[in-house]
Amino acid sequence: MTGLVAALLLLTALSGLLVVLARDPRRQVFALSGNGLVLGLLFLALQAPDVALSEIAVGTAITPLLFLATLAAIAMDRAKR
Amino acid sequence: MSALSLLDALPWLVAVWLFAVGLYGIATSRHCVHLVGCLTVCQSATYVLLLGIGYVRGAGPPVFYDHPPGTPAVDPVVQALVLTDIVVGAAVSALLLALAIQVQKRRGTLDPQALRPLRPPPSSLE
Amino acid sequence: MTPDALLPVAVLLPLGVATLLLALAHWLPPRLPKVVAILTALAVCGLCAFLARHSLDGPVRHWFAGWTPDAAQRPGIVLGIGFQADPASAALAAFCGLLFTASFVFAWGYFDTEHAHFQVLMLLFLAAMVGFCLTRDLFNLFVWFELMSVAAFALTAYPLGRSALEGAFTFTVTNALASFLMLAGTGLLYARTGTFDFATMGRAVARTGSDPVLTGGFVLVASALLTKAAILPFHLWLADAHAVAPSPVSVIFSDAMVSLALFGLAKLVAQVFSGEPQVMALVRGLLLWLGLATALVAGLTAFAQRHLKRLLAFSTIAHLGIMLTALAAGTGTATAGLLLYVVGHGLVKGALFMVAGILLALRQSADEIVLYGQGRGLWAPALAMGVGGLLLGGLPFGLMHGATQWMDLSAAVPAKAVVTLASALTGAAVLRAAARIFLGASGVPGPELQAPTEREREKADRPLWLMAAPALVLVLLALMPAGPVTPFLGAAASRLRDPSLPPLTLPEAEFGSLVPLGLTLALLALALLRRRAVRGTARAVTRAERRSFGAVRALHSGLVGDYVTWMAVGLALFALACAAQAAG
Amino acid sequence: MTPRQRLVLLGLAALVLMPAVMRIALALPAFGAPEAELGQAMNALVPGLRHVTNMVAAVNFDLRGIDTLGEEGMLLCAVTGTTVLLRGARGESGRERAGHLPGRPVTPRADATVLVCRIAATLTLLFGLSVALHGMTTPGGGFQGGVIVASGLLLLYLGEGYEGWRALIPPPVLAVLEGGGAVLFVLCAGLPLLAGHPALQNLLPLGEPKDLYSGGLMVVVNAAVALSVTGSFGLLLVEFLEETREPADDPVPEDTLPEDPLPDEAER
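The listed protein sequences derive, respectively, from chains A, B, C and D.
Numbering of the first sequence is given in the UniProt record's numbering, commencing with residue 1 and proceeding in unit increments.
Numbering of the second sequence is given in the UniProt record's numbering, commencing with residue 1 and proceeding in unit increments.
Numbering of the third sequence is given in the UniProt record's numbering, commencing with residue 1 and proceeding in unit increments.
Numbering of the fourth sequence is given in the UniProt record's numbering, commencing with residue 1 and proceeding in unit increments.
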């Protein structure tokens with residue numbers, strides 16, 4: 001196994017852990033975005049450019065954006081109460 | 001077991017680790033949105049596993065644009081499986097987030113420890 | 001067109017209609033989607049029945065885009081995806097079509113929202129079920145499994161009530177986890193066998209024999225299917241989801257979705273894993289125990305419920321446990337019994353959920369204590385519920401009875417006793433609720449008094465006869481004798497394993513014993529004759545009873561964190577069973 | 001269960017599962033040396049049979065096209081469910097009138113913002129289109145391209161504001177894209193049946209490898225997926241952003257997006 005793949009695998013393990021440990025959802029969004037980026041790089045190293053493109057578009061852009069919008073909607077509802 | 005075989009098993013162990021960590025997060029989460037984030041971690045475990053299964057040492061991507069057909073390439077099947085699943089996974093996360101927004105509007109809380117269907121919240125007990 | 005060419009139409013038709021409705025929803029008159037949905041479900045039902053009839057002469061196969069197994073011209077390499085209709089699979093797909101038709105009729109007017117969203121979701125749900133029945137490719141099975149799940153998630157949350165949202169959240173999280181497990185298991189099996197096609201994979205598995213990767217793959221796929229089929233300890237999500245989903249959707253959930261998962265497992269075991277000794281040992285051992293435990297726990301819990309839909313949901317879990325025991329037995333007769341039981345139970349449960357829906361619409365509650373005596377005059381639902389309860393409790397008549405006889409043939413005596421007790425408990429629970437609601441029969445409530453419940457209602461904008469007619473039709477179908485379908489079931493049971501096997505000769509169904517029915521009626525009497533505990537001993541008994549039911553209730557806490565923890569425990573159980581096999 | 005009991009149970013389960021996981025991990029084919037031959041057989045056969053260079057696209061749109069159709073169905077379900085959930089509470093009609101509430105303050109946007117958003121949106125749309133179109137030859141395709149185009153639509157929304165955006169893209173357009181793409185896919189699967197061929201049979205001329213048009217029917221399926229994914233993700237993003245827009249006051253979505261002053265410390 002090449003060192004690059006091993007390093008990215010370990011980095012993925014770490015960034016997944018960070019997503020779980022970021023208990024404040026607003027901070028978690030950034031961890032999630034980072035996790036998506038790391039996964040995308042890992043997929044690139046695993047010779048899967050199609051999957052990497054998909055993961056980077058979805059994992060680093062769309063999903064975190066949906067999370068942010070959700071948190072904003074929740075904050076608005078809390079402000080009303 | 002030798003250190004070498006453990007290194008060969010690294011992707012599988014990382015996949016298990018991601019699933020276990022995500023499960024731990026779901027079990028202990030105190031915020032529904034955080035819980036959805038943990039669920040995506042569990043899902044990424046399956047991607048790592050599948051792409052690891054298809055990886056061939058020293059081979060290129062299964063796209064024969066720059067290399068002619070016949071050059072060693074990794075398994076395209078697992079990549080196709082993962083590719084579609086990523087898109088669907090995002091849509092399911094969106095569904096869960098929409099549920100979370102509505103739960104917040106109806107209940108005013110997003111603590112999974114307080115969400116129990118058919119059991120009225122303590123305040124409204126007769 | 002030949003049957004081979006019609007095979008994909010069974011899936012493409014509902015998919016196409018659903019997508020067309022979605023694209024045109026903005027301009028369609030509101031009634032049209034409803035009519036189209038009913039017609040589509042009927043067409044799927046007829047088409048699958050036709051396929052089932054034809055598959056008696058030999059399996060009907062279709063290879064998508066013409067990628068037949070010899071397209072690669074290498075043995076063991078299947079490039080494409082195949083559909084295959086054996087009699088059992090096609091008949092179950094037809095059964096799904098029938099249930100969807102009934103449910104669409106029942107829901108007429110209930111979902112008068114704009115844009116036909118309900119019909120779109122339901123038709124995609126139907127396409128997923130038919131695809132799940134007909135495919136012979138493991139990853140394709142996963143795709144339909146996941147499509148079923150996603151459609152179910154969306155439909156559960158449809159009423160947007162507090163409980164519906166919370167139930168849908170729990171449902172989505174647990175079942176999404178299950179689908180990850182299934183994907184991982186599929187990956188493991190692919191890593192070892194290099195194929196997704198059932199038959200090819202079965203040959204590869206038989207060549208390999210016992211192997212940790214194969215066993216691991218099986219455990220992951222099985223635990224996903226057992227989660228969907230609500231088997232202890234993966235079952236916890238079901239009661240919450242089925243109780244809160246809109247009644248027409250609960251009908252589909254309880255009748256078809258969950259038992260289809262069990263059917264999928266039976267098919268996988270028969271076609272893929274029958275050559276793997278360790279997996280077969282797991283099936284015969286652990287799955288039997290899990291089935292019995294599920295039947296007993298869920299039967300007891302059903303007896304201690306007051307919310308009608310929740311009661312029915314637990315009864316579904318109990319009957320799924322019973323079906324799992326037949327799957328674990330694995331003999332041809334037991335498989336025939338399992339197939340018939342899926343249909344018989346589905347018909348009864350569908351009718352009962354419709355009755356619950358009628359009460360929610362007309363009497364604004366689904367709580368048997370709130371509804372006490374409120375159902376007087378509603379004779380049609382009363383009839384459906386009474387007969388349904390008797391059928392669940394072991395009335396020696398009808399489809400479920402025939403199925404039980406075949407399943408019993410290969411069961412040990414203790415297992416039979418547990419199964420009888422569980423079905424009697426569920427039958428008695430339904431009859432007790434019916435007696436309270438429709439007859440105003442008295443009796444002090446026992447442990448059910450403390451069960452979860454909620455004030456809720458469903459829209460009452462359709463006439464009683466329109467809601468009651470499908471329920472009565474389903475009950476009538478369930479009352480049919482098993483005799484005429486016996487030869488078909490013999491062929492279905494043997495060809496589920498291998499399409500080239502000759503049909504099985506099943507013993508004629510006979511008038512069985514009255515013991516199960518007697519037990520049901522005894523339990524019913526116990527519930528209805530209960531009086532307030534005055535004396536010391538009676539109080540002590542009541543207290544002990546409440547405490548023990550309290551433990552069961554604590555297990556079904558409704559908290560998503562608990563549920564995923566129990567899923568992990570379920571996986572650990574499989575690991576323990578494997579280790580025990582290796583040691584013993 | 002108390003959280004503590006839950007952790008104990010989870011830990012016990014993990015302890016029991018650990019040896020089983022290790023056995024499976026060591027029994028699996030070593031990383032980088034897979035045993036499964038299916039993928040290699042495809043790499044060897046498909047370029048010649050289908051005249052495409054991207055094997056992943058070939059698997060998705062031809063060899064295992066029916067899987068992709070199922071996944072498409074899932075996407076539609078999830079998006080429809082989300083729409084029901086979010087609109088159900090907001091009310092569909094209210095949403096459509098929201099842009100014309102009388103007496104609503106219209107916050108003028110800085111010209112620079114609008115310009116930057118317009119340029120970025122155009123570039124993103126073009127990039128997405130290119131990714132989608134070159135799916136048969138280079139990494140990319142309908143799924144990725146669709147997602148990128150949808151985020152381009154989002155940039156338009158941020159730049160133009162709600163009313164401008166609605167003028168560009170009336171409400172049913174995204175739903176029609178979503179459903180229409182899927183209908184096209186179903187037609188690709190179903191029409192060959194009428195001609196007496198298997199479903200999804202690739203009957204169109206295959207074209208030359210490395211050409212924009214290569215792979216025959218795959219090009220159509222790819223376009224169908226691109227349309228459907230664009231519509232689905234466009235709808236998702238818009239519905240979520242609608243949630244963050246106060247109908248009564250400030251209509252500018254990006255003001256409410258990044259900062260939400262109420263984190264949940266209060267609850268813990």
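One or more hints might be untrue.
[What the hints assert, rightly or not] In silico negatives: residues of chain A with every beta carbon more than 12 angstroms from chain D:
1. Ala7
2. Leu14
3. Leu17
4. Leu21
5. Leu41
6. Val58
7. Ile74
[Said to hold, decoys possible] Rough simulated footprint, nothing fancy, chain B against chain C, three-plus residues with beta-carbon under 8 angstroms:
8. 129 to 139
9. 170 to 177
10. 396 to 406
Just so you know, these hints were derived from the structure itself, not from any lab.
Glycine included, each C-beta is placed from N, C-alpha and C at the ideal position.
Status of each hint after checking the structure:
Even its closest Cβ contact with chain D, about 14 angstroms, leaves Ala7(A) beyond 12 angstroms, as expected for a residue assigned away from the interface. With a least beta-carbon separation of about 19 angstroms from chain D, Leu14(A) lies farther than 12 angstroms from that chain, consistent with its non-interface assignment. The claim that Leu17(A) is not at the interface with chain D holds, since no C-beta of that chain comes within 12 angstroms of its own (minimum 15 angstroms). With a cut of 12 angstroms on Cβ distances, Leu21(A) stays outside the contact zone with chain D, its closest approach being about 15 angstroms.
Distance check on Leu41(A): its Cβ is at least 14 angstroms (rounded) from any Cβ of chain D, clearing the 12 angstroms threshold; non-interface status holds. With a least beta-carbon separation of about 6 angstroms from chain D, Val58(A) fails to lie farther than 12 angstroms from that chain, contradicting its non-interface assignment. At roughly 8 angstroms, the least C-beta separation between Ile74(A) and chain D is not larger than 12 angstroms, which violates its mark as non-interface. Residues of the segment 129 to 139 of chain C with a Cβ under 8 angstroms from some Cβ of chain B number 1, which does not satisfy the need for three, so the listed coverage is violated.
A stretch counts as covered by a chain when three or more of its residues have a beta carbon under 8 angstroms from one of that chain; for the segment 170 to 177 of chain C and chain B the count is 5, and the coverage holds. A stretch counts as covered by a chain when three or more of its residues have a beta carbon under 8 angstroms from one of that chain; for the segment 396 to 406 of chain C and chain B the count is 0, and the coverage is violated.
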